[in-house]
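Quick mapping for you: the protein sequence lines, in order, are chains A and B. Just so we're aligned, residue 1 is where the first sequence starts under the numbering used here, counting upward by one. Just so we're aligned, residue 1 is where the second sequence starts under the numbering used here, counting upward by one.
Treat the hints as calculated values from the structure; they're not laboratory data. Keep in mind the model is a prediction, meaning the values are calculated, not measured. Each hint should be verified, as a subset may be incorrect.
[Said to hold, decoys possible] Reference excerpt, derived from the structure (chain B facing chain A, CB under 7 Å, subset only): (1) Ala26; (2) Val39; (3) Gly156; (4) Gly290; (5) Phe295.
Just so you know, even glycine gets a beta-carbon here, dropped at the ideal spot from N, CA and C.
Spelled out, the chains give:
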Amino acid sequence: MSTTNTPDARSAVNPSTGKLVVGWALVGLPLAYGVYETLTRVAALFG
Amino acid sequence: MGWLDRERTIAPPGFNRWLVPPAALAVHLCIGQAYATSVYKTALVKHFGASLTEIGVIFSIAIVMLGLSAAIMGTWVDTNGPRKAMFTSAMFWTSGFLIGSLGIFTHQLWLVYLGYGVVGGIGLGIGYISPVSTLIKWFPDRPGLATGMAIMGFGGGALIASPVSTALLKMYDPNSGAKGWVASGDSVGKLFLTLAVVYLAYMLFGAFTIKVPAEGWKPAGFDAAKVKASELVTTDNVSARNAVKTKQFWLVWIALFCNVTAGIGILEQAAPMIQDFFRQSDGASLVSAGVAAGFVGLLSIGNMAGRFAWSATSDLTGRKRIYMVYLGVGAVLYTVLALAGSSTTFLYVALAFFIISFYGGGFATAPAYLRDLFGTFQVGAIHGRLLTAWSAAGVAGPLIVNAFLDAQGKPGQLNASDYQPALLTMVALLVVGFVANLLVKPVDARFHEPRPDSVRPAEPAMEA
């Protein structure tokens, strides 16, 4: 692959939706859990 | 192991660059555990019959090793590519837990120093810089956003590791229901083994997902000339060897050192500090221990959010301007905190939140700042060398704060005015950092790597 800044290459850059969903879920879900757990502790500040 | 080589990681046509940030996050979320060591600190003190300081040394060794390994291994990471670097980081980081658990099970504290501190610390350093250069190359249009996403993971890793570790310790310790329970050493050892397995799986997912763009690749519609809106953004390249000879590198080093030292000033004493700021004349504080713990949690969110939000914003404002905000506005907020922070808890919490978000932002914006000044050629290696500022600040920050506070009394029994000398010293440091950042100018052309059509110049000397 040289440069993809050509019409052909641009059309080749299609998102691989399944991989994207799995990849982001693998990191996003634990992160969301961590943020949620932390926010429940933060609630004591405003309780 | 040729399957780890850089050549094997070149993205095929059609590869979606948005798969790269989760790969980077997978590594940073794991190594971010380093900020969740407080969960089992008391358990280790009891298990080894050691002092808090002796147990704290484990974390200090890890952070020093992070800076050293990032500085020493940066060029190796740039040369061998992100897959080999992430794989190596995973081996060191998980081996650190395994050796550490052996030390806990056999009551050998030195093994925990060696395992989690030295071996794990090397994994931290290599893992921290492993995706940076790759992300910058995949996102030349939004380098701040890209590195912000990854480095946010380092802040977020502790948010995950902290509650998960607490739950696992309770599960592994049959006495967890007892009043005043402190986790047993055995349960911490098992926690280490569990973390080793989980982190190995996650980091290998990152290693085998990440890809580097092919030579000459650029996003559709991307025009480097349009990005070069500021004179500070170069289209040339400077090697890591030459970068450390420039004024610019050391000015950014000073700016990062001052920003991190000031942030650590608050992070180090966050819980006792908020209680001391609102201590009444009868010695009782208006802020309970539970509320103080909530405040520490809020700072963790601010640290993580700042890494993403401010670094992404830097793509619009430029890196020098956003550092002026971190250091200049940070100095003003710090001054208000020192002089008027005890007036209301809302003001105190809001000021601390923004100060810590600037601390996180400074970390996350640094790689993009280096890309602007030195190009993409060896930006990972240059970033590795810059992280020695973090190691230095990790030593200097607590030293400064503790030296001032020790002269006043014991944290947890002080009042707001006792903190003023330490906080105003941090303000002075931020001003120094602000001036250093203000002095950053484009790198002299004699440090640039020769372009393909030019003759290589002689090795440049240290910049005057």
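Hint check results:
no.	hint	verdict
1	Ala26	holds (6 Å)
2	Val39	violated (12 Å)
3	Gly156	holds (5 Å)
4	Gly290	holds (5 Å)
5	Phe295	holds (6 Å)
Going through the hint list in order, the structure does not satisfy hint 2, though it satisfies all others.
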